[in-house]
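**Student:** Please construct the entire structure, taking both the sequences and the accompanying hints into account.
Residue numbers (the numbering used here), protein chains in the order written: chain Z, 1 to 110; chain A, 111 to 399.
Any given hint might turn out to be false.
[Stated by the list, open to error] If you only want the chain Z side, here are some residues facing chain A, beta carbon under 8 Å, derived:
#: 1; residue: Gly28
#: 2; residue: Tyr51
#: 3; residue: His55
#: 4; residue: Thr58
#: 5; residue: Gln60
#: 6; residue: Arg75
[What the hints assert, rightly or not] A few chain Z residues that face chain A, going by a derived Cβ cut-off under 8 Å, partial list only:
#: 7; residue: His27
#: 8; residue: Gly48
#: 9; residue: Ser49
#: 10; residue: Arg59
#: 11; residue: Arg74
#: 12; residue: Ala76
[To be verified] Label-pair restraints from in silico Cβ distances:
#: 13; chain 1: A; residue 1: Asp116; chain 2: Z; residue 2: Glu24; range: 21 to 29 Å
#: 14; chain 1: A; residue 1: Trp118; chain 2: Z; residue 2: Thr109; range: 41 to 49 Å
#: 15; chain 1: A; residue 1: Ala210; chain 2: Z; residue 2: Ser39; range: 57 to 65 Å
Calculated directly from the structure, the hints in this document are not laboratory data.
Just so you know, even glycine gets a beta-carbon here, dropped at the ideal spot from N, CA and C.
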Amino acid sequence: MTKAKTDMIRGTLDMLILRVVSLEPMHGWGISERIQQMSEEALQVNQGSLYASLHRLTRQGWIKSEWQVTENNRRARYYTLTRAGEEQLGIERDQWARLSGAVDQIMGTA
Amino acid sequence: MRRLQDLWFRVRSLWARGDMERELNEEFAFHLEKEAEKYEAGGLSPDEARRRAHVKFGGAERFKEKARESWGVNPITDLAGDLRFAVRQLRKNSAFSILAALTLALGIGGTVALFSVVNGLMIRPLPMPDEDRLVTFWSDYNWRGEEFGLIKAVPEHFESVAAFSNNTYTLRTDAGSTLVLATVASVELFDVLQVRPLSAEPSSGRGPRGRRASRDLELLDLGARVLFRSIHSGAAHQPKWCADYRRRSHARGLLFPDSADGAVHAARPRSCEQRLRQQRMARTHRTAR
Numbered sequence: 001m002t003k004a005k006t007d008m009i010r011g012t013l014d015m016l017i018l019r020v021v022s023l024e025p026m027h028g029w030g031i032s033e034r035i036q037q038m039s040e041e042a043l044q045v046n047q048g049s050l051y052a053s054l055h056r057l058t059r060q061g062w063i064k065s066e067w068q069v070t071e072n073n074r075r076a077r078y079y080t081l082t083r084a085g086e087e088q089l090g091i092e093r094d095q096w097a098r099l100s101g102a103v104d105q106i107m108g109t110a
Numbered sequence: 111m112r113r114l115q116d117l118w119f120r121v122r123s124l125w126a127r128g129d130m131e132r133e134l135n136e137e138f139a140f141h142l143e144k145e146a147e148k149y150e151a152g153g154l155s156p157d158e159a160r161r162r163a164h165v166k167f168g169g170a171e172r173f174k175e176k177a178r179e180s181w182g183v184n185p186i187t188d189l190a191g192d193l194r195f196a197v198r199q200l201r202k203n204s205a206f207s208i209l210a211a212l213t214l215a216l217g218i219g220g221t222v223a224l225f226s227v228v229n230g231l232m233i234r235p236l237p238m239p240d241e242d243r244l245v246t247f248w249s250d251y252n253w254r255g256e257e258f259g260l261i262k263a264v265p266e267h268f269e270s271v272a273a274f275s276n277n278t279y280t281l282r283t284d285a286g287s288t289l290v291l292a293t294v295a296s297v298e299l300f301d302v303l304q305v306r307p308l309s310a311e312p313s314s315g316r317g318p319r320g321r322r323a324s325r326d327l328e329l330l331d332l333g334a335r336v337l338f339r340s341i342h343s344g345a346a347h348q349p350k351w352c353a354d355y356r357r358r359s360h361a362r363g364l365l366f367p368d369s370a371d372g373a374v375h376a377a378r379p380r381s382c383e384q385r386l387r388q389q390r391m392a393r394t395h396r397t398a399r
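**Tutor:** Pasting the structure below:
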């Protein structure tokens, strides 16, 4: 736990969720674990924002949810990327590339 | 399609609020369990693992509220809550509520009544051409035939002059009798108003109550008013001109010799039924001849 925790930049959580869910259908806890894992523990997901984001994305039709039984025979809500979500993920990926590229150029971190 | 999804989600948040809440609780509980399992796998006792999971998760109620916000129906549920609160408060102070409602009702009713009078008398124009040239004379007494004849004989001020009288008559039919409001008028009325009657057949036969109504003199005996169309546009807006005309009438010694108190009124009629109303409102007494 010596690694510095990076605060999530506003608005990026939705994009990260879309990305993680695009890999495979996943429940909320799994998504937060996966984001921490993939960022090598640099990104910590706030649980409250996570579920608010998941529900908002569902409302917007980018992901859809389904109650399924886990391997341990428990009920969990699994989130899947929709077709509209795939398109949105592409748009956000492009936007992020442009934004981070521009910031890198200014900061000299490219 | 996405709009539909959004709408469906919101509708469900409102109609199946209980289901949504239950699912939210279940989702959070599952999250806590998985978190606790993770700590347990790391070597902690089950109780300690659960405690740590709770600590890490933080204020569940606050997070639930955040999730509910994302359902997009908070403005509606807040409004419903406010309304429920308002109704509770109003029922608690029922005497005060009734008083407030009555005050509002009186205020609104009064304003509406006053506006409809103002609208009828001052705002809505007459549905006739050049309505600002239409003027009525009226008094509490019947016009005499000579007076009407005199006005008709002064062409420099009047394009046309007509006499009319509103009365209630009994209309007898095979089905029975009924009261009707009718206007008896001299034939020039349509020229004055510059409108065409649907059926133009001046009656020369016997009028209501067996009187001959087609002749001016008899019509005036019924209590007629005189309506004229001025050759001056805007005559109805010029009280000075009307006063002037009245003075000249006096000078001739025929019209209303003693009406120095302004008993004969030149006024601006609005429409047939409004004219009646105007008379009631603005009537002043003519001094005895």
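**Student:** For every hint, state whether the structure bears it out.
**Tutor:** Hint by hint, here is what the structure shows:
no.: 1; hint: Gly28; in the structure: holds, 6 Å
no.: 2; hint: Tyr51; in the structure: holds, 4 Å
no.: 3; hint: His55; in the structure: holds, 4 Å
no.: 4; hint: Thr58; in the structure: holds, 6 Å
no.: 5; hint: Gln60; in the structure: holds, 6 Å
no.: 6; hint: Arg75; in the structure: holds, 7 Å
no.: 7; hint: His27; in the structure: holds, 7 Å
no.: 8; hint: Gly48; in the structure: holds, 3 Å
no.: 9; hint: Ser49; in the structure: holds, 7 Å
no.: 10; hint: Arg59; in the structure: holds, 4 Å
no.: 11; hint: Arg74; in the structure: holds, 7 Å
no.: 12; hint: Ala76; in the structure: holds, 5 Å
no.: 13; hint: Asp116(A) <-> Glu24(Z): 21 to 29 Å; in the structure: holds, 25 Å
no.: 14; hint: Trp118(A) <-> Thr109(Z): 41 to 49 Å; in the structure: holds, 44 Å
no.: 15; hint: Ala210(A) <-> Ser39(Z): 57 to 65 Å; in the structure: holds, 60 Å
In this structure, none of the earlier numbered hints is contradicted; all agree with it.
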